[in-house]
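Enquirer: What follows is the residue order along each chain.
Protein chains: 2
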Amino acid sequence: MSFSIYDITIPVFRRGFTVLSAVLDKGLAHASAEGVDPATYVEARLAPDMLPLSGQVQRASDTAKACAARLTGLAAPSFPDEETSFEELQARIGRTVDYLASVDPAAFEGGEERQVTLRSRAGETPFVGRDYALQHALPNFFFHVTTAYGILRMKGVPVGKRDYLGF
Amino acid sequence: MSFSIYDITIPVFRRGFTVLSAVLDKGLAHASAEGVDPATYVEARLAPDMLPLSGQVQRASDTAKACAARLTGLAAPSFPDEETSFEELQARIGRTVDYLASVDPAAFEGGEERQVTLRSRAGETPFVGRDYALQHALPNFFFHVTTAYGILRMKGVPVGKRDYLGF
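Here the protein sequences line up with chains Y and B, keeping their order. Sequential numbering from 62 applies to the first sequence in this note's numbering. Sequential numbering from 62 applies to the second sequence in this note's numbering.
Errors might be hidden in some of the hints.
Put simply, identical chains are the same to the list, so a pair is met inside one copy or across any two.
List time: in silico SDA-like cross-link candidates among lysine to any residue, alpha-carbon distance up to 20 Å [to be verified]:
1. K216 x L112
2. K87 x M215
3. K222 x P109
4. K222 x T178
5. K216 x M111
6. K216 x R106
7. K222 x V84
8. K222 x A183
9. K216 x P109
10. K216 x A105
11. K222 x D192
12. K216 x A108
13. K216 x D110
14. K87 x M111
15. K222 x Q196
16. K222 x M111
17. K216 x A94
18. K216 x P113
19. K222 x V97
20. K222 x F188
21. K222 x G155
22. K87 x A100
Hints listed in this document are in silico derivations from the structure and should not be mistaken for laboratory results.
The shape of chain Y in the complex, shown without the other chains (with noise of 0.2 Å):
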């Protein structure tokens, strides 16, 4: 038995989605039992030039929707990075998972040796899908979720290692 370019990305999303939406669930419970508007949470940061929880969950929504397009050649829907809110961010991943789930596993066969080239600042950078899978977007998405663990955990919410690892 071996694992496909679906099994070890989609399913690990979306099982990251379910943490990450818990955890925000006991951040905005911890806000409201602490008389504390969310929204200093929302904007909370680990350090000034890092991105806020908002940010976070926008960013780990992107990594796994462009994950999925990328390795399937498919088309990923845009979400403008507008949420402020729990609710809205709440709403973010619940669309993202949507789309997680409406990609066809099949869709994903052969991912493993499509090319993929990654543009940002510092350039472009070629992947084969294999490597792009297990060196950015999963590395890349855990970071997301992980960031916006700790910046509630930061904030006094009391999650634990449990919450993230979601048992």
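We have chain Y already, so just place chain B on it with the hints.
Expert: Positioned in the frame of chain Y, the structure of chain B alone reads:
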């Protein structure tokens, strides 16, 4: 073409440790340049009840070597959590990578069907190898690498997303 359980774990960890080692190097260089005691970075945390930088590196090490051991049935070396300096954390990473390199990829054959039981304060969690790899080992490994990065970012170390991704 598909992926073996070895493909989706050990090379990913080894690459993650290359990234983590380079990020730690930048942390030490920044402390030196700023005239800050590097130990203050090694002991820094995102939240009072989270592990410090040293603990994040130790848990990344444990996650990776335990994964190799659990998926193969071989014993992993035990490393005491005694690191208090960047140099010692780099040595811990080196010992971990040496161990990962020493395990024969052939020993992972059938690892996706192996029974794995994790024990924590909350009790026992049973897994089959494939779920353990995708739902626990990989997310947990990236959690600790990302949190180590986040701690250094919080301390003002000039590292960016490309350092984390390793491109």
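Enquirer: Next, verify each hint and record whether it holds.
Expert: Hint check results:
1. K216 x L112: Answer is both; intra-copy 15 Å and inter-copy 16 Å each pass.
2. K87 x M215: Answer is within: at 13 Å inside a copy they meet the 20 Å cutoff, but 23 Å across does not.
3. K222 x P109: Between copies only: 14 Å across, 25 Å inside.
4. K222 x T178: between (34 Å within a copy, 17 Å between copies)
5. K216 x M111: Both ways: K216 and M111 sit 16 Å apart in one copy and 12 Å across, limit 20 Å.
6. K216 x R106: Result: close both inside a copy and across copies, 10 Å intra and 13 Å inter.
7. K222 x V84: Within one copy only: 11 Å inside, 23 Å across.
8. K222 x A183: So K222 and A183 pass the 20 Å test across copies only (11 Å; inside, 34 Å).
9. K216 x P109: Answer is both; intra-copy 15 Å and inter-copy 11 Å each pass.
10. K216 x A105: Answer is both; intra-copy 8 Å and inter-copy 16 Å each pass.
11. K222 x D192: between (28 Å within a copy, 17 Å between copies)
12. K216 x A108: both (13 Å within a copy, 8 Å between copies)
13. K216 x D110: So K216 and D110 pass the 20 Å test inside a copy (18 Å) and across (12 Å) alike.
14. K87 x M111: between (22 Å within a copy, 17 Å between copies)
15. K222 x Q196: between (24 Å within a copy, 13 Å between copies)
16. K222 x M111: For K222 and M111, the Cα distance is within 20 Å only across copies (10 Å; inside one copy 22 Å).
17. K216 x A94: Answer is within; shortest intra-copy Cα gap is 13 Å, inter-copy 30 Å.
18. K216 x P113: both (12 Å within a copy, 17 Å between copies)
19. K222 x V97: Cα proximity of K222 and V97: none, with 24 Å in one copy and 31 Å across.
20. K222 x F188: between (32 Å within a copy, 17 Å between copies)
21. K222 x G155: Neither, since 23 Å and 26 Å both go past 20 Å.
22. K87 x A100: within (14 Å within a copy, 33 Å between copies)
Hint violations for this structure: numbers 19, 21, all remaining hints satisfied.
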